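If you read the sequence shown in the UniProt record's numbering, its first letter stands for residue 1, the second for the next number, and so on.
One should not assume that every hint holds.
[Said to hold, decoys possible] Distance condition first, Cα-Cα at most 30 Å in a straight line; then the derived DSS-like pairs of lysine-lysine: (1) Lys252 - Lys31; (2) Lys368 - Lys277; (3) Lys277 - Lys412.
[As the list claims (entries may be wrong)] Pairwise CB distance ranges (calculated): (4) Lys248 - Ile425: 52 to 62 Å; (5) Gly43 - Thr362: 16 to 26 Å; (6) Leu178 - Phe387: 54 to 64 Å; (7) Asp366 - Gly74: 11 to 21 Å; (8) Arg253 - Lys347: 27 to 37 Å; (9) Thr324 - Lys252: 24 to 34 Å; (10) Val466 - Lys289: 16 to 26 Å; (11) Glu25 - Leu337: 42 to 52 Å; (12) Val320 - Ser416: 43 to 53 Å; (13) Gly355 - Asp91: 48 to 58 Å; (14) Arg443 - Thr333: 44 to 54 Å; (15) Lys248 - Gly154: 13 to 23 Å; (16) Lys280 - Gly43: 43 to 53 Å.
Since the hints were derived computationally from the structure, they do not count as laboratory data.
These numbers were taken from a predicted model, which means no experiment stands behind them.
Cβ coordinates follow ideal geometry from the N, Cα and C atoms, glycine included.
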Amino acid sequence: MVGRFSTTGFQVERIAMPALSPTMESGTVAKWLVQEGGEFGPGDALCEVETDKATVAFEVQEDGVLAKILVEEGKEVKVGEMVALAVEDADQFAAFQKAGPEALANIDLSGGASASSAAVEDASPQAGSGAGSGSSASPSFLMPAARFMAESMGLDASGLAGTGRGGRVTKGDVVEALEAGIKLPPLAKPAHTTSPAAAAAGEVPPAAAAAAAPATVTAPASSSAVDLPPLQESSSPFEDIPANNIKKVTAKRLTESKATVPHYYVSTEVEIDAALKLRKDMAKEHEVKFSVNDLVIRSAALALRDNAEVNAKWNGSEVVPEETVDISIAVATPNGLITPIVTNADKKGLTDISGNVRDLATRARDNKLAPEEFMGGTFTISNLGMFGISEFSAVINLPQAAIMAVGTGARKVVPSPRVEGQEEIPPPRVATMMTATLSCDRRVINEAAAGKFMNSFKHYLSQPEVLLL
1 MVGRFSTTGF QVERIAMPAL SPTMESGTVA KWLVQEGGEF GPGDALCEVE
51 TDKATVAFEV QEDGVLAKIL VEEGKEVKVG EMVALAVEDA DQFAAFQKAG
101 PEALANIDLS GGASASSAAV EDASPQAGSG AGSGSSASPS FLMPAARFMA
151 ESMGLDASGL AGTGRGGRVT KGDVVEALEA GIKLPPLAKP AHTTSPAAAA
201 AGEVPPAAAA AAAPATVTAP ASSSAVDLPP LQESSSPFED IPANNIKKVT
251 AKRLTESKAT VPHYYVSTEV EIDAALKLRK DMAKEHEVKF SVNDLVIRSA
301 ALALRDNAEV NAKWNGSEVV PEETVDISIA VATPNGLITP IVTNADKKGL
351 TDISGNVRDL ATRARDNKLA PEEFMGGTFT ISNLGMFGIS EFSAVINLPQ
401 AAIMAVGTGA RKVVPSPRVE GQEEIPPPRV ATMMTATLSC DRRVINEAAA
451 GKFMNSFKHY LSQPEVLLL
């Protein structure tokens, strides 16, 4: 909640669209879980929001009654824009309803930066600042209630260690810090803004000018001198399918990855007959079931443990090694591709990995993953073997430095290994071979490191008894 306004008989809380992931810029209200007049408490979900990552529940940290829904289901709004109004209790809701349209007349519903200090008739002296006030905290790490409380006291709570979901700072964290006597820094003053015209003249940064006044939307000038032919309208019937937030952001991030990351690729073939036999024997003799993909994850996790150069990322100026081996698994859902994470994969056995993957994949398809279960990861595996794809290359999942694309196993004629001291060349044999292709960020992983990693991966998967240890 980002603002409080008092009028005769009731006090209104403004509820804004929160940032439910670090990269979220807008969200679509998928479903309202609390209707007008419905009560809610700390930890309750007001609605489901389709973010750039997944459909996530919008949980509140205060209690109250939902007075007015401002955004209907299926509508996309930017982070910080108002989505609903709330009052404290049923009596105030009755007063709100009795006031009718006049209840909304004195409330600033614009949201964003301009909503931070709007004055209303009979405004309460403790009226809070909005989502765009001068706090240095990112809205993705400071819960709305915590931000309102801190900013209303002129304090910056962004430096606190958050106990909320995904490390977000909650209102309780702020209260606990104040009660413990922790001195929070004063709130930074909002940056001076000026007109977009002045920004265009180079007097101020364009970002400051954009915050001062809305810019007129105009078509961007072409960056190419090549004249493209006009689009020809199709005479065949077709249907435009709008992209949801997940697909929009996926397109944006993959384009960014291919445009900014120097990709290169290394491939290897792995004989998986021993892995297939181990899987069959464990199921038959011990009733322990796991998939080939579980074996691939376990092999990759151990290879990452042995080759820390691959388990790293680029922060813009230097290589940053990761402290844990957290493997993202590409899962196809009706809304698009999502990558839930098997955390500490190098420390988990095959049965644990198998259980984790089944649980994460099921909840991913049902849009029931928590943000921390799909945000992060240090390495990604994309497996298209179940679709009969023999081999492919994948786009690196930023900010990670590598992704491994796994194909299906195929029966091939391969040379038999020569026995030392044996003069005759042994005849070729038939084996089940699987192709794995590693896409690497050359800024982080050089060719030698990639080769060592793939050899380690091949070693573990072709001798799967090691994976049981």
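Hint check results:
no.	hint	in the structure
1	Lys252 - Lys31	holds (25 Å)
2	Lys368 - Lys277	violated (35 Å)
3	Lys277 - Lys412	holds (17 Å)
4	Lys248 - Ile425: 52 to 62 Å	holds (57 Å)
5	Gly43 - Thr362: 16 to 26 Å	holds (23 Å)
6	Leu178 - Phe387: 54 to 64 Å	holds (55 Å)
7	Asp366 - Gly74: 11 to 21 Å	holds (19 Å)
8	Arg253 - Lys347: 27 to 37 Å	holds (29 Å)
9	Thr324 - Lys252: 24 to 34 Å	holds (27 Å)
10	Val466 - Lys289: 16 to 26 Å	holds (19 Å)
11	Glu25 - Leu337: 42 to 52 Å	violated (19 Å)
12	Val320 - Ser416: 43 to 53 Å	holds (44 Å)
13	Gly355 - Asp91: 48 to 58 Å	holds (49 Å)
14	Arg443 - Thr333: 44 to 54 Å	violated (31 Å)
15	Lys248 - Gly154: 13 to 23 Å	violated (37 Å)
16	Lys280 - Gly43: 43 to 53 Å	holds (46 Å)
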